[in-house]
Every structure is written in structure tokens, then in C-alpha cells.
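**Student:** This is what each chain is made of:
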Amino acid sequence: MFQTPSLTPSLLPAGAFLVPLLGGILVLAVERRGGRACQGVSLLASASLAAAGFLMAFRTVQGRVLVAWGNELRVDGLSALLVLVIGSIGFLTTLYSFRYMGRGELLERVGVGKAEKRLAIFYFLLLWFLGTMAWAAVTNNIIMLFVAVEATTLTSGLLVAFFWDRRALEAGYKYLMLLTIGITFALFGCVLIYAAGAEAGGLAGREALLISEVRGVAGLIPRRTALLAVAFLVIGFGTKAGLAPFHPWLPDAHAEAPTPVSVLLSGVMIKVAMYALARTVSVFFPFIPQLTVFIVALGAFTMVLGVVLALVQDDLKRLLAYSSVSQMGYVLAGLGLGTYLGYYGGLFHLLNHAIFKALLFMSVGAIVYATGVRKVSELGGLARRMPITGACFLVGGLAIAGFPPFNGFMSKLTVYLALAGSGMWWAVGVAVFTSILTMVALIRPAYRVFWAAPSGDATRFQAVREVPATVWGPMVILAAMCLLLGVVPQVAFGLLSRAAAVLAVVGGG
Amino acid sequence: MSEIDLPVELIRTLSMTMVITSVVAVEVRRLRLSAAAYAIQALLLVALLLSYAQMNPALYWWAATAFLTKAVLTPWFLFRYIGKTQEMEVEPLIGFGPSVVVAGVLMVLFFRLTHGQIEILAPSAMAREEVFRTNLAVASTIFVLGIYAVLSRRDAVKTVIGLCLLENGVHLSLVSLAPELSETALFGIASEVVVTVFLLLYVIEGVYQVFGTTDTFRLRELQW
Numbered sequence: 001m002f003q004t005p006s007l008t009p010s011l012l013p014a015g016a017f018l019v020p021l022l023g024g025i026l027v028l029a030v031e032r033r034g035g036r037a038c039q040g041v042s043l044l045a046s047a048s049l050a051a052a053g054f055l056m057a058f059r060t061v062q063g064r065v066l067v068a069w070g071n072e073l074r075v076d077g078l079s080a081l082l083v084l085v086i087g088s089i090g091f092l093t094t095l096y097s098f099r100y101m102g103r104g105e106l107l108e109r110v111g112v113g114k115a116e117k118r119l120a121i122f123y124f125l126l127l128w129f130l131g132t133m134a135w136a137a138v139t140n141n142i143i144m145l146f147v148a149v150e151a152t153t154l155t156s157g158l159l160v161a162f163f164w165d166r167r168a169l170e171a172g173y174k175y176l177m178l179l180t181i182g183i184t185f186a187l188f189g190c191v192l193i194y195a196a197g198a199e200a201g202g203l204a205g206r207e208a209l210l211i212s213e214v215r216g217v218a219g220l221i222p223r224r225t226a227l228l229a230v231a232f233l234v235i236g237f238g239t240k241a242g243l244a245p246f247h248p249w250l251p252d253a254h255a256e257a258p259t260p261v262s263v264l265l266s267g268v269m270i271k272v273a274m275y276a277l278a279r280t281v282s283v284f285f286p287f288i289p290q291l292t293v294f295i296v297a298l299g300a301f302t303m304v305l306g307v308v309l310a311l312v313q314d315d316l317k318r319l320l321a322y323s324s325v326s327q328m329g330y331v332l333a334g335l336g337l338g339t340y341l342g343y344y345g346g347l348f349h350l351l352n353h354a355i356f357k358a359l360l361f362m363s364v365g366a367i368v369y370a371t372g373v374r375k376v377s378e379l380g381g382l383a384r385r386m387p388i389t390g391a392c393f394l395v396g397g398l399a400i401a402g403f404p405p406f407n408g409f410m411s412k413l414t415v416y417l418a419l420a421g422s423g424m425w426w427a428v429g430v431a432v433f434t435s436i437l438t439m440v441a442l443i444r445p446a447y448r449v450f451w452a453a454p455s456g457d458a459t460r461f462q463a464v465r466e467v468p469a470t471v472w473g474p475m476v477i478l479a480a481m482c483l484l485l486g487v488v489p490q491v492a493f494g495l496l497s498r499a500a501a502v503l504a505v506v507g508g509g
Numbered sequence: 001m002s003e004i005d006l007p008v009e010l011i012r013t014l015s016m017t018m019v020i021t022s023v024v025a026v027e028v029r030r031l032r033l034s035a036a037a038y039a040i041q042a043l044l045l046v047a048l049l050l051s052y053a054q055m056n057p058a059l060y061w062w063a064a065t066a067f068l069t070k071a072v073l074t075p076w077f078l079f080r081y082i083g084k085t086q087e088m089e090v091e092p093l094i095g096f097g098p099s100v101v102v103a104g105v106l107m108v109l110f111f112r113l114t115h116g117q118i119e120i121l122a123p124s125a126m127a128r129e130e131v132f133r134t135n136l137a138v139a140s141t142i143f144v145l146g147i148y149a150v151l152s153r154r155d156a157v158k159t160v161i162g163l164c165l166l167e168n169g170v171h172l173s174l175v176s177l178a179p180e181l182s183e184t185a186l187f188g189i190a191s192e193v194v195v196t197v198f199l200l201l202y203v204i205e206g207v208y209q210v211f212g213t214t215d216t217f218r219l220r221e222l223q224w
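Quick mapping for you: the protein sequence lines, in order, are chains A and B. Counting from 1, position 473 in the first sequence corresponds to residue 473 in my numbering; the numbering is continuous, with no gaps. Counting from 1, position 185 in the second sequence corresponds to residue 185 in my numbering; the numbering is continuous, with no gaps.
Since the hints were made in silico from the structure, they are not lab data. A portion of the hints provided could be inaccurate.
Claimed, not checked - Some chain B residues close to chain A (C-beta under 8 Å, calculated; not the full set): (1) Leu163; (2) Leu166; (3) Glu167; (4) Leu181; (5) Glu183; (6) Gly188; (7) Ile189; (8) Val194; (9) Val195; (10) Thr196; (11) Leu200.
What the hints assert, rightly or not - Covered stretches of chain A (chain B as the covering partner; in silico rule of three or more C-beta atoms under 8 Å from a C-beta of chain B): (12) 142-156; (13) 194-202.
The C-beta atom is built at its ideal place from N, Cα and C for all residues, glycine as well.
Pulled out of the complex, with its shape left as it was, chain B reads as follows (with noise of 0.2 Å):
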């Protein structure tokens, strides 16, 4: 491992951009605009992968697949749906300003956190070393805003994007936990979760249709 140079600045670089699209995916209200910087944290994702896979193949093939499910499919889906329901969000609890306070909060702790404690978190004594440590920590960082984004919003799509973002932060954490997974069972990790988004969306098209709205406080037929 340590005769293959990786390209660890620019995969700083890569990983630090790709918590910033999160915040932005999570609090921008213009749907579409949010579902855009998820598309660039695929891609950015998929830059990070490549960047990888000079140690470990395998990524090449996963690269792929994530650019395939995660760049083109899911974002053409969100496009897709946001046009059949509606282009902004339903105003969530907390204000924008509030809420990218928060974020910001839980960005810096996870973080900390993560890159702090890894001993706990990684098996393995790759994992702990350098830029695995920080794969590690960016990853978790993503899926705690991905979770914010899914508690703290009222739209239905917007869960959806929240859902997304915490796909790709465990997903990113494969690179560092499970460098040997086979192609076969990356394909299938990657695959369920575009097929997950699209019936999600599919459902929530049924939702608009029938209850007129996207926001999931409506959905109060189903009490006790």
C-alpha cells in the first residue's frame, strides 16, 4: 500500500468539497438547485473513487457504477419528479439561518469525532492511517447530514436528497472498511439505492397527486 502514491491533497480537496455540496443539498430551498449539488457530490465522489482505485481496481468498476447511479440516474429521477410535484420546498421548522448553524455544528463534530476516535469505528489498520482516517471521518460526516437532512425537513423530496446523502457517506466508507468487496456486491449496493430513490419518488408523485402537497406533516392518516 505505501509503494502506490496516492494523490492525497487532491483527495482532500475532493472530500472537503464534497461536505460543503452536502450542506448546501440540505439547505438550499430551491429543489432543484438542491438536487443539482447532489449531483456534483456524485461526481465528486466518483473523482474521489478514481482516485483510489489505483490502489484497489475494484473501484474502476465502482467508479462506474456510481457515476451511472448516483451522477445520472438518481439526479434525472429527482429532476423528473420535482417537475411532477412542486419546484420549491415546504418550509421546513427551523429557519434557514438556524438550521445552517446546525449543520455547521454537526459537520465540525462529526468530524472531530470521527477523526478523533477512528480506533473504534475501523477494523482495520489501513483505516486508521492517513487519508483512509480522513475518508472515514468525511464519510460520517456526510451521513450525519444526510440523517439531519431526512429528521429536520418537512418536503418529501427533500427527504428523499437527505436519503441520498447518507447513501453516498456509507457508501464512501466502503473505500477505507471494505477496500476487497467484490464488484458484484458493489454493483448491488449501488443499484438498490437508485431503485429505492425511484420508487420513493414514484410514490411521492402518488402523495401529490392525491393529497396535493409534498410536505409530510399532511400525511397524518395513520395516527394510533
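So that you can see chain A by itself, here it is in the shape it has in the complex (with noise of 0.2 Å):
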């Protein structure tokens, strides 16, 4: 379908994610002079990356693969739509955090040091957060992945806890210890491909490294050995995806985060943990048909654990992280088809959750900003005093449950098309039933908390007004994307088509 594509010398690959690690430390250098130093630095360098990843996009549409350090660093429709994703999502979430995180009481509850130092160690955080998933995007050494994307985890760690209550360090503790055992059995899954196809395909040490290079000796590894590598792949970049049964840590995690890490969590780091399985197992689908249907059958159970598990959530962003787990199994069931419609369809609803999501978590974030409340039982008739972002929730949950005319109607039928082209009719009925009930996990509570009236105290909330225009500004522009992918999905088909292109053509690309 596609020609070779042309290699093409580039500094984009390297420029993406070293910028926000420098950003970080020049955030750290300029907390001396204030808030507004550390947030304008911040904004410069999550914009950077949003501006690299349309470059790449661009780019790579255009038929090129952009190279650096000698096929180190590798960029093609794949990655960069995961830097596109990164860098637009970081950069709205870094703008959002602006009046969120400024707020003096959020920060007065942490014990630990004064609020500017812990606003710029924030800030910091952030951006050594967002380099690392660039890093991991980028990165063509297969142990390197295994390493950027541990970075990930350990930068985002004491995010997680950064509150430093009970909840939040409880949280802290268990996304640490959870996600680093898991990410050791990815480790050991890198390995083996790495031993095994240096061994098999008679690769030179520093090639066998490259997944470019392995993609093309995977059919000659031995079959049991590229099962077990798979299954510890599965359970450790699958732990950090959120599948189930892996994702426990996921509610804990995204719901006691403050809500710009949640954004990241749930709208882009799962998604990075997702790429990362997906270009290590999806070499060996041609060899291993039975592959596919072990793990479609794994997104399955994801899907319907997850949205089960959020229908009797209270808390409203326990409620996201859950929807979130069921999110990212349509993302593998359409991934693990292995055909060009499936990962067009699991690309796809990648690229549309992570809007949709973060959409949804920003406008929670909204609510607790404005109201200092989190459960849905305790809130009521929001939408005339915050109109905006009640509009932003519902958009939110429409199209997280599906509804033309927004862009989660448009993937998820992707992936019911894909999965019925491949024969997988079970797998058809489990994700349209799991969308009736997303569709209930989301508008029941978004009813619930603005439009139906309050419980208890009615002028509890008179004093509430809307958000600023720094926080609903970024929701709106990703609300007006779920329409726009929506109306008009062919804007993403050169980028996801690409994407899907390199995942489904084997030995070379």
C-alpha cells in the first residue's frame, strides 16, 4: 500500500523530548522569581512539543520517516501521532493548571516546603513527565523504551502523591510499587526479543536492539519463546495501560492525582504504555494467529470489568479512571485484530479518548475547582451557575459513549467494523454492550450533577460561579475537537492511516 519510506535526517525526534526535560530544569533555575516564571517557562515548553508533534505529523504524512543518532531515535506515523498527542494534551493541561494549581489552598495542605518551591518542583515534574513519554515515543532501542517508559513512571510518581494526604501518598505508594514490578516483567519481555532475535535473525548485538530491525526477523524467533515474551510484554506495558486484571492502581492513581496529573494520566500516559505494547507484540501477529484472539478476548474482559466498575462509582473521577480502563480495551481489541482496519480503529479511538478524556477530567476538575466537592450524590444543579462547563461534561459524555455527531461514534464503529471483518462477533456484542452501559456511567451522573436539582441544602451552591478562562479555555478547544473528528473524521485519516500503515506491514516501514 505504501512505498518505502524515506529516511530523512531530522532533529525533531531528539528536539521533542529533550526541550521539556530542559524546560524542567530551567523551571527549577527560575523559581527564585516567582510563579509566573516557572508557568511562562512551562508554557513555552509543552507549546514546543505540541509545535513538534504537528511538525512530525506533517511530516510523516508526507511519506518520510524522520531519523536521528544513527536510527537511535526513529519517527514514524506511529510515533508521531503519540508526540502529537502528547504535546497538544500537555500543552492545553499546562495552560489548565495555570489558576488550578495556583490556587494557595491547594497547596498550603502540603505539608512539605513552601508553596512557590512546591509549585516550580510541580512544574518540573510536569515537564520531565511529558519529556519522558516523548522519549519513549521516539525512541527506536527496544530496552530504551523499557527505560523511558519506567521514566515515566517515576517522574509521574510523586505527582500522584503530591497532595500528601492520606489518599494521595496511599496512592503514591501503590502506582509506585504496582507499575515498577510490573514494568520488570516488560523488561524481561524486551530482553527476550532482543536476545531472541539477535540469536534467530542473526542480527549484529546493536541491531538486534532496534525494533525496526527485529520487525523483520520476528517470524524466525521460536515460537514459545516469542509467546512468553508476549505474555511478560502484556503484563507489564499492559500493567501500565490499565488492562485488567493489571489495573488496580489506576482508580487510586488517577483519582487522588491533582486533576492536570489525572488529565496526563488517563488522557496520555496510558496511551504511551499502549504504543509501547503495541510496536513490541504487534511483530509477531503474522506468525502467531491465535495471538489475536487471546487478546481481543483480553480487551473484552477489559471493557466490560472497567464500565461495570465505574457504574457504581460515586467519586466522579474514580468514575473517570474506571471508564478509562474500559476505554483502553476497545483500544486492544482493535489493536490486537492485526488487521489495517483494526489498528486504524484501536489508533483511532487512541486519538479520541485522549481528547475525550482529558475533556472530561478537566471539567471534573472544573467542578472541584468551583465547588470543593468530588462526589456525585453531593452535587446538584450546577448547570446555571457553570454553563460552560456543564456543555464540556456533556460533550465529554457524549462522545465518550458514542453519539454521533462526535468523534467516539466514529472509532468505536471502526472497531465494531473491524472486529466483524475479522470474524470476532462475540467481541462485537460485548463492546456495543459496553457502550450502552458507558453511556449510563457518564450521562447519569453529568444529569445528576447539572441539571437535576440538589440534595440537602439547595443555596449550598449559590456562591459558585464559572471557571477562568484559563481553565475552561482548553476544554472548550477539546470539546470542539470531539466535534470536528466527529463531522469530519477525514482530517485524521492521512495521520492514523500512516500510523495503522506501520503497525500492519511487517519487515520494513
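Join these two chains into a complex; the hints should help.
**Tutor:** Structure, rendered in C-alpha cells:
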């Protein structure tokens, strides 16, 4: 379908992750100049990352593959898609976080250190979080992929525990512990692929590290070793992606982290983990067809478990977190099919979920910012006071539930078609059923929080006002994206088709 | 590979002693002693890496990295944070006696399992030959003991020690499985573990200050 892409040396791959990392160090350096300086640097760095993402997307759609450092860094359509997601959501989140984290009360709760210093550390960690995720997206070295993904856990660990109270500390401990143990399995998987690739494919040591080279020899790797490697990688990267049954860390971490961090965890980081899983495991799909059934089944299981647990949540953030688990099941089911349509659907849903999950978390954050309350049962009738937030939450809820004309409908439809095309009608049934439950899980609280009368004292929310512009601005942009991609999904076709082709074509490209 | 004489007996002795230090680290209740057992294991690991290094010069670099991260920094962090929290481990559910028995059984079981079934685990011909075979078996045994510690211990600091053990197991296996791994990669892998340990201990100190204990059973704020 595509010709061999042209390898183009470029500064973009290295720049994409180095700029946020340097930006983070700069934030610490300007800490003494106050919060504004830190915020300014962060905005600039995240904007650069977003710009890099757009540039990469533009170049790869033209058929180029950007390389740097002797093929150690390699940006094809798939990597460009990820960097675009990381950069744009990262930029919007940074903007969103200014008023959100700037509130005195939020930082005073924290016992350790002065408020300004904590703010600088927050942005340092945030930029390094973005930078390490970008690194994971651009590296072609299978061991460095592991190192980068683990680095994202380390940079976000303190961000999860940032509020330093009982809940945050518990979440932080579990997060660091479970993810580190999980990722160790992924290390073993990466090493197995590397060693087996070197042995079976006759690749020299250094070449065997490069994923692009391993793709070519994947068929020569003995089956049992391949299956073992896949199992370890699913456990390892799957834990980080939030797949069941390795998901328990996710609701705690996503709910207890400060909202900007939750946006990045649910909106971006689990996608990076899914990307790592797709890159490493898909090399084997053409040679071990039974693998696809297993992975689609895992996706189906994750879909259902996630949404069922979401249905019983009262805490808005936990609800969204469980819904993330469920939606990752869709992505996995799409990617696990191994067909072009499956890859396209999975990646499209990955993109869409990043957008509407970020939107939903930001909306919930706005509710918490304005009311101080996170539980559905304690809220009500907010639509009059917070019309923009209400509209944004509704758009997010409709998008995730798969209503036309929003983007969720388009990507879910693609996944259904891909599943049906491969004959997995049982999976289509599960997916549609999950969609219906998702609808209930999201729309019901949306109605309750915004339009139903509040239980208890009705005057409690009279002083509530809409959130400031830098808080609702990113939300509105994301909501607009939901509509755009739903009405004109062709906009994303160029990049998504390149990305899907990367996974679907074996032995080159 | 066959031209170079690896000190096989030395390697065997070091490997077996490493397994014993793992059991000690898991079982001993006094946390400082447990950390000390880990430190000794780290030194044994460095010695092991040096023994293999004749065959692969990159291992000299790795031995140095391992020495810094595992034998110096990690025990330092452990001792420091044990001092800030509590000296004696929070009692696990399994008593001392039964726990040692379970650890012993796991040890023997996994050693024999990996030594016997090496074909699945080891993709390269070299890894299936002796010394490397033992190396993989020992590595997986230490890994399993580490997992056992994480799953069976209530004390948060003890779980961190368990994590260090399982990481040692994985890193040791790299000697057999990935002999041509670059220095950058090895450095990246080793340094990440020590950063993880530091972050975990830092959070656990926070847990101790806020909860008053390092007992993970008390971490029940977040349920469904």
C-alpha cells in the first residue's frame, strides 16, 4: 500500500524530548523569580512539544520517516501520532493548570516546603513527565523504550502523591510499587525479544536492539520464546496501560492526583503504554494468529470490567478512571486484531479517548475548583452557575458513550467493523453492550450534577461561579475537537492511516 | 567463548551465597539487618559481574554501576529511611518458621524449574550452556524470593527490599540473556531502580508521618 518511506535525518525526534527536559531544569532555575516565571517556562516548553508533534505529523504524512542518532531515534506515523497527542494535551493541560494549581489552599494543604517551591517542583516534574513520554514515543531501541516508560512512572510518582495527604500517599505508594514490579516483566520481555532476535535473525548486537530491525526477523524467533515474551510484555506494559486484571493501581492514582496530572495520566500516559505494547507485540501477529484471539478477549474483558466498576462509583474522578480502563479495552481489541482496519480503529479510538478523557477530567476538575466537592451524590443543579463546564462535560460524556456526531461514535464504529470483519461477532456484542453501559455511567452523573436539583441544602452552591478562562479555554478547545473529528473524521485520516500502516506492514517501513 | 576460562567454581559459590542472602533479607525482622543482608548481596552481585567480565568487557562498567547503585546508594537510602520510620518490621501474617519453609520450598522449586526448562527461557545457545544456565536459575530464584517478599510482607519498607531483590534477579539474568547490551542501556536500567527505591522510601516516610505506621494493611483509604 505504501512505498518504502524515505529516511530523513531530522532534529525533531531529539528536540521533542530534550526541550521539555531542559525546560524542567530551567523551571527549577527560575524558581526564585516566582510562580509566573515557572509557568511561563512550562508553557513555552509544552508549546514547543506540541509544535514538534504537529511538524512530525506533517512530515510523516508526506511519507517520511524521521531518524536521528544513527537510527536510535525513529519517528514514523505511529510515533508522530503519539507525540502529537502528548504535546497538544500536554500544552492544554499546562495552560489549564495555572489557575488550578495556583490556588493557595491547594498547596497549603501540603505539609512539605513552601508553596512557591512546591509549584516549581510540580512544573519540573510535569515537564519531565511530558519529556519522558515523548522519549518513549521516538525511541527505536527496545531497551530504551523500557527505560523511557519506566522513567514516566518515576516522574509521575511524586505527582500522584503531590497533595501528601492520606489518600494521595496511599495512591502514590501503590502506584510506584505496582507499576515498577509490572514494568520489570516488560523488561524481561524486551530482553527476550532482543536476545532472540539477535540469535535467530543473526542480527549483530546493536542492530538487534532496534525495533525496526527486529520486525524483519520476528518470524524466525521460536514460537515458545515469542509467546513467553508476549506474555511478559502484556503483563508489563499492560499494567501501565490499565488493562484488567492489572488495573487496580489506576483508579487510585488517577483519582487522587491533582487534576492536571489526572488528565495526563488518563489522557496520555496509558496511551504511551499501549503504544509500547503495540510496537513490541505486533511484530509477532503475522506469525502466531492465535495471539489475536487472546488479545481481543483480554480487551473485551477489560472493557466490561472497567465499565461495570465505573457504574457503581460516586466519586467523579474514580468513575472517569474506571471508564479509562474500559476504553483501553476498546483500543486493545482494535489493535489486537492485527488487521489494518483494526489498527486504524484502535489508534483512532486512542486519539479520541485522549481528547474526550482529557476534556472530562478537566471538567470534573473545574467542578472541584468551583465547589470543592467530588462526589455525585453531593452535587446538583450546577448548569445555571457553570454553563460552560456543563456543556463541556456533556460533550465529553456523549463522545465517550459513542453518540454521533462526536468522535467516539466514529472510532467505536471502526472498531466494531474491524471486529466483525475478522469474524469476532461475540466481541462486537460485548463492545456494543459496553457502549450502552458507558452511556449510563457517564450521562447519568452528568444529569445529576448539572441539571438535577441538589440533595440537601439547595443554597449551598449559590456562590459557585464559572471557572476562569484559562481553565475553561482548554476544555472548549477539546470539546471542539470532539465535534470536529466526529463530523469530519477525514481530517485525521492521513496520519492515522500512516500509523496503522506502520503496524500492519511487517519487515520494512 | 570457550577460550576464556571463567572461574566456574567461584561463580557457583557466589551465586549460591546470593540466594542465601536473599532468604535472609526476606525473613529477618530487624529491618537494618535485612538491609545489611541486601547490601551483602549487592556486593556478591558485583563480584559475580566481575567474574563474568572477562568474557564481556562491558560488564566491568556494569559492575561499577551496580556497585554504586546497589551496594552504596540503595543501602544508604534504606538505612536512612529505616531510621526515620521504624526499626522492627511490622509483623507479617505468616509466622517466622512457616515463612522460612515457604521461602526454602520456592527456592528449590524455581531453581530446579529454570535449570531444567532452560530452552523456553533462553533464546541463545550460550545461555543454555553451563554457568550461564546456573546464572539464569539463580537469577529467577532471587526474582521469585523478591516477589514472595512483596506479596507476603505487611511492612512497606520490607516490600521495598523485596523489590530490590527482584530487580537484582532480573539484572543478574541479563548477564546470560543480553551479553552485548550497551553501557547506556545498563546504566539506564540500574539508575532507574535506585531512583525508584528513593521515591518509594520518600513516599513511605510521608506515609509514616501521616498514618503513624508503615503497615500497608492500614492503607485502606481507597477501596472501591
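**Student:** The structure should be examined with respect to each hint, and the outcome stated for every one.
**Tutor:** Results of checking the hints against the structure:
1. For leucine 163/B, the suggested interface contact is upheld, since its CB lies about 6 Å from the closest CB of chain A, less than 8 Å.
2. Annotation: interface hint on leucine 166/B holds; nearest CB of chain A at approximately 6 Å, less than 8 Å.
3. The interface hint given for glutamate 167/B is met, as the beta carbon of that residue sits about 7 Å from the closest beta carbon of chain A, less than 8 Å.
4. Using the Cβ-Cβ criterion of 8 Å, the hint placing leucine 181/B at the interface with chain A is satisfied: the shortest such distance is roughly 7 Å.
5. Given the 8 Å rule on beta carbons, the hint for glutamate 183/B is violated: about 12 Å separates it from the nearest Cβ of chain A.
6. For the restraint placing glycine 188/B at the interface with chain A, the shortest Cβ-Cβ distance is roughly 4 Å, inside the 8 Å limit, so the hint holds.
7. Nearest Cβ of chain A to the Cβ of isoleucine 189/B: about 6 Å, under the 8 Å cut. The hint holds.
8. Hint status for valine 194/B relative to chain A: violated, with the closest Cβ pair at about 10 Å, above 8 Å.
9. Below 8 Å, beta-carbon pairs count as interface contacts, and valine 195/B has one with chain A at about 5 Å; its hint therefore holds.
10. Hint status for threonine 196/B relative to chain A: holds, with the closest Cβ pair at about 5 Å, below 8 Å.
11. Taking 8 Å as the C-beta contact cut-off toward chain A, the hint placing leucine 200/B at the interface holds, the least distance being around 5 Å.
12. Here's how the segment 142-156 of chain A fares: 8 of its residues keep a CB closer than 8 Å to some CB of chain B, so the rule of at least three is met and the hint holds.
13. Counting residues of the segment 194-202 of chain A whose C-beta sits closer than 8 Å to any C-beta of chain B gives 6, which meets the bar of three, so the coverage hint holds.
Against the hints set out earlier in the document, violations occur for numbers 5, 8.
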